[in-house]
Structure formats: structure tokens, C-alpha cells
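Asks: Start from chain A and add chain B according to the hints.
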Amino acid sequence: GIQVEQSPPDLILQEGANSTLRCNFSDSVNNLQWFHQNPWGQLINLFYIPSGTKQNGRLSATTVATERYSLLYISSSQTTDSGVYFCAVAGTGRRALTFGSGTRLQVQP
Amino acid sequence: GAVVSQHPSRVICKSGTSVKIECRSLDFQATTMFWYRQFPKQSLMLMATSNEGSKATYEQGVEKDKFLINHASLTLSTLTVTSAHPEDSSFYICSAAPTFSSYNEQFFGPGTRLTVL
Chain A
9 GIQVEQSPPD
19 LILQEGANST
29 LRCNFSDSVN
39 NLQWFHQNPW
49 GQLINLFYIP
59 SGTKQNGRLS
69 ATTVATERYS
79 LLYISSSQTT
89 DSGVYFCAVA
99 GTGRRALTFG
109 SGTRLQVQP
Chain B
953 GAVVSQHPSR
963 VICKSGTSVK
973 IECRSLDFQA
983 TTMFWYRQFP
993 KQSLMLMATS
1003 NEGSKATYEQ
1013 GVEKDKFLIN
1023 HASLTLSTLT
1033 VTSAHPEDSS
1043 FYICSAAPTF
1053 SSYNEQFFGP
1063 GTRLTVL
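Protein chains in written order, with this note's numbering: chain A, 9 to 117; chain B, 953 to 1069.
If you are wondering where the hints come from, they were derived from the structure by calculation, not from laboratory data. We put the CB at the ideal spot given by N, CA and C, even for glycine. Some hints could be false.
Derived, one-sided and incomplete: chain B residues facing chain A with beta-carbon distance under 8 Å [what the hints assert, rightly or not]:
#, residue
1, F986
2, T1001
3, F1043
4, I1045
5, Q1058
6, F1060
Okay, chain A solo, but in the shape it has when bound (with noise of 0.2 Å):
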């Protein structure tokens, strides 16, 4: 199956720094979407951008689908923002998704 990969695994920032979090995958895919993971678990749709480039205020991601990668940027950092972040594909013709292991992110004051 397809493979996801993340990096980097674990991110400290001082608040007000920017980051920049990439996920390489595998083979052509027809759905990525990036995520946040809140203390409690639930999964916050960032993204969804199985091609080109978006933004959401602090936050722009972009996906090279040609050479299958994915970056998101995080601007101007808030602790809130701390959390795990995960890239998640489907490959073409699948509708499940295929998650990476996740960038763990800690925004200090």
C-alpha cells in the first residue's frame, strides 16, 4: 500500500515562530488532507488538498502532487497550535485514508 512519511517527528517553537511540516508519500493519490489532533483526541480538518495551495488565515498548505510531497506552514505560532499534526492520503482508486505518523508540536510562551 501507500506509504506516508512525516518530518519532522517532534518540533519546539518559541511562540511567534514560524514552522513549515512536510509529508512525503508514495505513489499518485487522490485525496490528502492535513489534521490536528487536539489534547482530547479529536481530529480538526486543516486541509484538504490533494493538489495546489490553500490558506486559512495563520495557516497555508501546498501539494506538489508530481512529486509527491505536502507542506504546511504554520505562521506566527500560538501555543494553542501545540498538538500532533497529520498528513493523511488516499491512493487512487481507495477512499480510506493512509495517515503518517504524525509531526508532534510544542509551542512555548
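Replies: Chain B in isolation, oriented as in the chain A frame:
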């Protein structure tokens, strides 16, 4: 819109008992729902694909007789953990995508934390 609920949010049971978890799409219809399991400090792993009106499709290594899935309507899927044992303790999360949508975006429930004593 696109809200998915799960019930219960937390359950503690004795070894050998069965536990049923409900997943509902509140404001859309979903022909297909998905069940995932997440162990502490790990990622989400797909357990099975739940199809309305037909049998579920299980991932390799997932015991279909232990994890019974019923997708009785376009808004409800249930996962029953039969004869639960401590190793079944985990965080179970369901997801769904609107059937009549040009996108494949999936929405996740808040999860159910199962503890088997």
C-alpha cells in the same frame, strides 16, 4: 456542516464483555464510513471500511469476528468489540465522507476511548 458524532466517548468494561460504539453523520449521508484505531503516542490505523447495506471490508490482521461492523443506514455505523480483552484497549475513531460530494474530504468523529480491565 459535516459533523460526525460518536457514542460513547469513553467506556470501561470488564474482560470478556462486548462493547458497542456508534458513529453518526449528523448533517450528511454517508454510504461509506471508516473505522480507525489509535494506540497511545501512535498514528491512526485503518481497521475496516463500513458500507451501507453490505458487509464491511476489513484490513489485513483485523479479526472480523471480533470487531463486528454494521452499517444499518446512511447516517449510522456501529462497531462492536466482542469478548473484549485488555489488549483491545485503545482509542477508536470513525470517519465519513458525504456521499453526494465532488470531493473525497473525510470528517472524523471525536473518538471513543475503550479501557478493558
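Asks: So, for every hint listed, does it hold in this structure?
Replies: How the hints compare with the structure:
no., hint, in the structure
1, F986, "5 Å, holds"
2, T1001, "6 Å, holds"
3, F1043, "6 Å, holds"
4, I1045, "7 Å, holds"
5, Q1058, "6 Å, holds"
6, F1060, "4 Å, holds"
Figure legend: structure checked against the earlier numbered hints; every hint is met.
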